[in-house]
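Undergrad: Chains as they are written, first to last, in the working numbering: chain A, 1 to 143; chain B, 1 to 124.
Treat the hints loosely; a few may be bogus.
As the list claims (entries may be wrong) - If you want a taste of the chain B side facing chain A, the calculated C-beta under 7 Å gives, among others:
#, residue
1, Trp-68
2, Asp-91
3, Thr-93
Said to hold, decoys possible - If you want the ones that stay clear, here's a sample from chain B, every Cβ over 12 Å from chain A, calculated:
#, residue
4, Met-1
5, Ile-2
6, Val-3
7, Val-23
8, Asp-29
9, Ala-40
10, Gly-58
11, Ile-63
12, Val-82
13, Thr-90
14, Ala-98
15, Val-99
16, Ala-102
17, Val-109
18, Arg-113
None of these hints come from the bench; they were simulated from the model. We treat Cβ as the ideally placed atom computed from N, Cα and C, and that holds for glycine.
The chain contents come next:
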Amino acid sequence: MNKTTTPDRTGRQAGLGRIIIAVYGIFAISSTARAGYQILTKFDEAPLAYALSAVAAVVYIVATIALASHKPGSWRLSLAAILIELAGVVIVGILSFALPQDFAHPAVWSHFGQGYGYVPLVLPLVGLWWLFRHRETPAAPGR
Amino acid sequence: MIVDGFFIAGAIICALSVITSVVATIIRDHPDDYAIISVAAVELFLVVYGFAAAVRQGGGEAISGEPWEFWGYVATALFVPVVAFWWAVTDKTRWSNAVLAAVGLTVFVMLYRMEQIWDGAPLA
C-alpha cells in the first residue's frame, strides 16, 4: 500500500469513501432482496410502493458500482445516481405523507427512509459532499 | 436473558474496543495499533466463547433455543473482526479506525442475541 502524507485525500475510493461505498453496497443488496421478495409474493397489495422499491434498488446498485469504479465518467455517473437517489427519497417521502393510502406498505424511501433510521435520506447528502470533495481530475498523473 | 460471566466479559471487551477505535479515529490519520489489537481481543474472546460453548454443550448443557441459530451467530461473528482487520490492512487512512470501531458494536449485538438464544428467550 502506498504511504502518502495526506491519506484522507488519496482518492474517491479510499478512507471514508470506502465506507460510503460499503454502505451503498449493503443498501443495494438488501433493497434488491427486499424489493424482489415484495414483488414476487405480494405485488398486488401495493404496486406503487413496491415498484418504487425496485427503482430504489436499481439506483443503489448503479451508485455502488459507479462510486467504486475508477473508469473515466464514473464520477459523473455517481453524481447522476446520487441526485436521482436524493430526488427519489424526497419525492417518495412527500408522496407517502400526501397519499398514505398508496403507501400503506413499507418501502425503502417511504416516509423519508424512516424504516431504515433515515439513512436513505442522509446517505445521498453524504455522498454528494464526498463527490464534490473528490472531483474528477482531468489528467491524474501516474495513473 | 441471564447476565452471565461470558456476557459481562464480552461486553467489557467490546466496549473497550469501541472506545479505543473511536479515539483512534479522532487522533490518528492511519489505522492505530491499539485499535487493531482491541479488535484482535474481540476475536480472541469469540474463539474462547465458542470453545466454551462447545464444551458446555458437549458436557450435556443443552441450548434452550435453536442450536443452528446459535452456531450461525458464532460463525458469522468470527468473520467480523477478520473483515475489519483486512479493511485496516488495505486502507491506511483514518477511516479504517471507524471500521474497527464498528466491530465491537456489531459483535456486542450478536453476543446479546447469542445469549438470548442460549437462554431460550424469544426475539424481542
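Undergrad: Would you mind marking each hint as holding or not holding in the structure?
TA: Each hint, compared with the structure:
| no. | hint | in the structure |
| --- | --- | --- |
| 1 | Trp-68 | violated, 21 Å |
| 2 | Asp-91 | holds, 6 Å |
| 3 | Thr-93 | holds, 4 Å |
| 4 | Met-1 | holds, 24 Å |
| 5 | Ile-2 | holds, 30 Å |
| 6 | Val-3 | holds, 27 Å |
| 7 | Val-23 | holds, 18 Å |
| 8 | Asp-29 | violated, 6 Å |
| 9 | Ala-40 | holds, 20 Å |
| 10 | Gly-58 | holds, 36 Å |
| 11 | Ile-63 | holds, 28 Å |
| 12 | Val-82 | holds, 15 Å |
| 13 | Thr-90 | violated, 7 Å |
| 14 | Ala-98 | violated, 7 Å |
| 15 | Val-99 | violated, 7 Å |
| 16 | Ala-102 | violated, 9 Å |
| 17 | Val-109 | holds, 14 Å |
| 18 | Arg-113 | holds, 18 Å |
When held up to the earlier numbered hints, the structure conflicts with 1, 8, 13, 14, 15, 16 and fits the remainder.
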